[in-house]
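Read top to bottom, the protein sequences are chains A and B.
Sequential numbering of the first sequence, starting at 1, is according to UniProt numbering.
Sequential numbering of the second sequence, starting at 1, is according to UniProt numbering.
Treat each hint with caution, since some may be false.
[Unchecked claim] Residues on chain B that point at chain A, a partial pick, calculated with CB under 7 Å:
(1) S27
(2) G29
(3) A105
(4) T162
(5) D164
(6) T235
(7) R238
(8) G320
(9) F333
(10) G346
(11) R360
(12) M366
(13) S375
(14) D380
Since the hints were derived computationally from the structure, they do not count as laboratory data.
Just so it is clear, CB atoms sit at the ideal spot from N, CA and C, and this is done for glycine as well.
Protein chains: 2
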Amino acid sequence: MAIPVESFFLPQGAAGTLQQRIRQMVSEGILSGRFRAGDRMPSSRGLALHLGVSRITVTLAYTELVSSDYLTARGRSGYYVSEGVPVQPAFQPVARREERVDWAAVTGGRFSRQPRLERPEDWRSYPYPFIYGQADASLFDHQNWRLCAVQALGRRDFETLTADYYEQDDPMLIEYILRNILPRRGISARPSEVLVTMGAQNALWLAAQVLLRPGQAVALENPCYPAFRGMVAQTGARIMAVDVDADGLPPEALPAGVDVVFLTASHHCPTNATMPLARRNALLKAASERGFIVVEDDYEFEMSFLRPVSPSLKSLDSEGRVVHAGSFSKSIFPGLRLGWLVGSEGFIREARALRGQVLRHPPGHMQRTAAYFLSLGHYDALVNRMKMAFRKRRMAMDEAIGANGLTVAGQGGFGGSSFWMEAPEGVDTEALALRLRGEGVLIEPGRVFFAPEAERRNFYRLAYSSIAPARIGEGIARIARAIG
Amino acid sequence: MAIPVESFFLPQGAAGTLQQRIRQMVSEGILSGRFRAGDRMPSSRGLALHLGVSRITVTLAYTELVSSDYLTARGRSGYYVSEGVPVQPAFQPVARREERVDWAAVTGGRFSRQPRLERPEDWRSYPYPFIYGQADASLFDHQNWRLCAVQALGRRDFETLTADYYEQDDPMLIEYILRNILPRRGISARPSEVLVTMGAQNALWLAAQVLLRPGQAVALENPCYPAFRGMVAQTGARIMAVDVDADGLPPEALPAGVDVVFLTASHHCPTNATMPLARRNALLKAASERGFIVVEDDYEFEMSFLRPVSPSLKSLDSEGRVVHAGSFSKSIFPGLRLGWLVGSEGFIREARALRGQVLRHPPGHMQRTAAYFLSLGHYDALVNRMKMAFRKRRMAMDEAIGANGLTVAGQGGFGGSSFWMEAPEGVDTEALALRLRGEGVLIEPGRVFFAPEAERRNFYRLAYSSIAPARIGEGIARIARAIG
Numbered sequence: 001m002a003i004p005v006e007s008f009f010l011p012q013g014a015a016g017t018l019q020q021r022i023r024q025m026v027s028e029g030i031l032s033g034r035f036r037a038g039d040r041m042p043s044s045r046g047l048a049l050h051l052g053v054s055r056i057t058v059t060l061a062y063t064e065l066v067s068s069d070y071l072t073a074r075g076r077s078g079y080y081v082s083e084g085v086p087v088q089p090a091f092q093p094v095a096r097r098e099e100r101v102d103w104a105a106v107t108g109g110r111f112s113r114q115p116r117l118e119r120p121e122d123w124r125s126y127p128y129p130f131i132y133g134q135a136d137a138s139l140f141d142h143q144n145w146r147l148c149a150v151q152a153l154g155r156r157d158f159e160t161l162t163a164d165y166y167e168q169d170d171p172m173l174i175e176y177i178l179r180n181i182l183p184r185r186g187i188s189a190r191p192s193e194v195l196v197t198m199g200a201q202n203a204l205w206l207a208a209q210v211l212l213r214p215g216q217a218v219a220l221e222n223p224c225y226p227a228f229r230g231m232v233a234q235t236g237a238r239i240m241a242v243d244v245d246a247d248g249l250p251p252e253a254l255p256a257g258v259d260v261v262f263l264t265a266s267h268h269c270p271t272n273a274t275m276p277l278a279r280r281n282a283l284l285k286a287a288s289e290r291g292f293i294v295v296e297d298d299y300e301f302e303m304s305f306l307r308p309v310s311p312s313l314k315s316l317d318s319e320g321r322v323v324h325a326g327s328f329s330k331s332i333f334p335g336l337r338l339g340w341l342v343g344s345e346g347f348i349r350e351a352r353a354l355r356g357q358v359l360r361h362p363p364g365h366m367q368r369t370a371a372y373f374l375s376l377g378h379y380d381a382l383v384n385r386m387k388m389a390f391r392k393r394r395m396a397m398d399e400a401i402g403a404n405g406l407t408v409a410g411q412g413g414f415g416g417s418s419f420w421m422e423a424p425e426g427v428d429t430e431a432l433a434l435r436l437r438g439e440g441v442l443i444e445p446g447r448v449f450f451a452p453e454a455e456r457r458n459f460y461r462l463a464y465s466s467i468a469p470a471r472i473g474e475g476i477a478r479i480a481r482a483i484g
Numbered sequence: 001m002a003i004p005v006e007s008f009f010l011p012q013g014a015a016g017t018l019q020q021r022i023r024q025m026v027s028e029g030i031l032s033g034r035f036r037a038g039d040r041m042p043s044s045r046g047l048a049l050h051l052g053v054s055r056i057t058v059t060l061a062y063t064e065l066v067s068s069d070y071l072t073a074r075g076r077s078g079y080y081v082s083e084g085v086p087v088q089p090a091f092q093p094v095a096r097r098e099e100r101v102d103w104a105a106v107t108g109g110r111f112s113r114q115p116r117l118e119r120p121e122d123w124r125s126y127p128y129p130f131i132y133g134q135a136d137a138s139l140f141d142h143q144n145w146r147l148c149a150v151q152a153l154g155r156r157d158f159e160t161l162t163a164d165y166y167e168q169d170d171p172m173l174i175e176y177i178l179r180n181i182l183p184r185r186g187i188s189a190r191p192s193e194v195l196v197t198m199g200a201q202n203a204l205w206l207a208a209q210v211l212l213r214p215g216q217a218v219a220l221e222n223p224c225y226p227a228f229r230g231m232v233a234q235t236g237a238r239i240m241a242v243d244v245d246a247d248g249l250p251p252e253a254l255p256a257g258v259d260v261v262f263l264t265a266s267h268h269c270p271t272n273a274t275m276p277l278a279r280r281n282a283l284l285k286a287a288s289e290r291g292f293i294v295v296e297d298d299y300e301f302e303m304s305f306l307r308p309v310s311p312s313l314k315s316l317d318s319e320g321r322v323v324h325a326g327s328f329s330k331s332i333f334p335g336l337r338l339g340w341l342v343g344s345e346g347f348i349r350e351a352r353a354l355r356g357q358v359l360r361h362p363p364g365h366m367q368r369t370a371a372y373f374l375s376l377g378h379y380d381a382l383v384n385r386m387k388m389a390f391r392k393r394r395m396a397m398d399e400a401i402g403a404n405g406l407t408v409a410g411q412g413g414f415g416g417s418s419f420w421m422e423a424p425e426g427v428d429t430e431a432l433a434l435r436l437r438g439e440g441v442l443i444e445p446g447r448v449f450f451a452p453e454a455e456r457r458n459f460y461r462l463a464y465s466s467i468a469p470a471r472i473g474e475g476i477a478r479i480a481r482a483i484g
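Pulled out of the complex, with its shape left as it was, chain A reads as follows (with noise of 0.2 Å):
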């Protein structure tokens, strides 16, 4: 049968350019059993004229969609539905299920009850956003991005994007880590003790799943990075936490009979706090006398605009006794997913199959795209402009947090992208948050960085990764009109 011009709808508010989304609304309706095998398709002339658009474009989507071969050309009668279009099998959806298992108590709720940092879906539409670790558009070079991911998608690396790599990462990737980025925190490391990873996030997920076991004790500073705690609590094993100062952690006061412990020395979240090199060597002395693993996440390390960059734990380590943790996903976009962890060969191969386990590699498109945006300087010069920008914010920032009496808990002398703040005993900045997110301003509750046993409630963290300059004066003005 012909079908009827009418039948054709242009899809409101598709993306994509003309043609594409008439050959979107023929595929759809075949696909979806409208249009059968052997149906004549309008002339298109006629298609261009109920469509309202030009006849080439129709001649054009009908050329593709006959190459794409769902549609067949015969001649001069026109355009047919192919026989060998896909067809929908004519199953009838079950009717509307009644639920009859108890998931709450099938699950437990194990992973949905862990505390997390929230913020609202929109943030990007508040005027005063001081929130955490997001892109920067502004700041971003989405141009060379580009270009190195259409690099990545050519022919020659065909393999890299489609192939199963299972155990394996992309060896440019790997090449440049150990190279350029792992010499720069003074690590020198061989393949087999590198892994790459979904970010930071999955790789100290990996690490805390390795190295613990039910029941190990495993110490956490305190205050720390909410999912961190949350990570290391589904595995079972015993956490100690131990407070911080303006140093990190006082390797002192670590408790006897710790297996491992996770630490962010560079740069400690959420205070700020740089661990000194004496600090450092305390720590590893103690670990090696005392036998116990310490992980260290070193995020945001490039971040270090004021002072240059101490040396990693990893850089010190002489016995294979640290994980290091990093990642690209700060410094490029959260989006991306990608990090790092180096480790002893005997770990990295743990953490291998596991991470072959739960999701076999990160994709081989974004390795390969990250790996030419890397050695072609586009992330360097990014993290270049990241610094002068953050830098000029953080000025911003202290002025005015000045001019406004609000107290700072930790700042950071390398520099970094956040401010860690206290504010008056009293003050609860989880309602103090919510109020303010009434007058277009968003920052971060402390609460969740503490042990549930240590609560504080006074604390909250301002960072200046997303807000416009022009924005800082304003907006922490207003945080200390709420704050009263």
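Based on these hints, arrange chain B on the given structure of chain A.
Only chain B this time, still in chain A's reference frame:
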């Protein structure tokens, strides 16, 4: 100081255009500390002469290096290394570490000791690769994939590319799955009942973690996909292996007290059996009466080119007892790492929280690219092309297997991409596979598919998804000769 032109060598074997390689050479020299802030670059003419390239190429590279702030142009006096370039810290990497940790004891080798399918890394260079589940470059629609990826790299999709989705998925991909993919399996679901995963492997891993706790009883098919058994074992659940027959898993053989059943009903791995409708209904009835959960791995359902695909278990589920896992990685390419989970809201909530903890989310860019590829109809065209090619290859397999007197143990009435084969009793197919490698033939020995307590050594799998049809006859003949 002026940098002597002799300091410059184009990186050997590097990818990219001449201009890119010149930029890389300069930026690497700067980043490694060989060239320092204020150093004067050779003239573009001098460098062009030295490298044997055109002067305009060098000039363009210099211009780009200026815009990314590696170089500064000073009027007529030439180009200088910028003052703002990133400087390498002066760490001395620690001398070779002396490993002092017994990693085998620390980790227990818990993850690396899982049996798994082995294949040589250079499998593509073998003339007769009967290897399962890899992308066939001759069928893949590389051009349209690239177009979709470029579209997903556009300004309009900036947020999809970069954003930290955390708990969310790409709404465009979710919509396509809900409206097009799931209805083909008879499933109707709401957005809160679907989760995007890093391929089917990740989907099944998440399901195992959410549903199983130490000591619970889980039934697995025997034989089954070995990685599957490995990930279930990791949860500490008790595995009960249930032998499959020509119709897949017999529900009446499920042991008492089972909490969760994992199975591949539509297309049993590796025997290719399809569970008939009556058995599916019997299984769901048993699930309802005995209160267990069913997890269905619905992989490769698109490859039903001989018989219409049967409805998924999930489509028959009226009580919310079935969790459904599927993947785009088989039909698009394995390196894509995109799949999905469908289940009741209470289940998906936990799986989503766990995914967030483990890796946050699959990269937005891969999700959006897939969404375009799907919604523009390229996916269905690709699946169609694969079906036609596989049908042809399967006929060649059938013929060659018959002509050479080999025994098929399971071939899948619906189509698929492999045969499950039985060698005479006494043949160890692992030794056979090794011998065949020497003759350019890759087969998959069957032992790892069986539960350890019910090991069989004379089975093997022959896949035809990556072998050229013209090679099938000779490949099968070589296998027959080797079995003797």
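Verification of the supplied hints:
1. S27: 3 Å, holds
2. G29: 10 Å, violated
3. A105: Given a least distance of 10 Å, the restraint on A105 of chain B is violated.
4. T162: 4 Å, holds
5. D164: Holds - the Cβ of D164 of chain B comes within 7 Å of chain A, reaching about 4 Å at its closest.
6. T235: Where the cut-off is 7 Å and the nearest Cβ of chain A is about 11 Å from T235 of chain B, the hint is violated.
7. R238: Status violated, d = 17 Å.
8. G320: With a minimum Cβ separation of about 4 Å from chain A (threshold 7 Å), the hint on G320 of chain B holds.
9. F333: Holds, about 4 Å.
10. G346: 3 Å, holds
11. R360: 5 Å, holds
12. M366: 5 Å, holds
13. S375: 6 Å, holds
14. D380: 5 Å, holds
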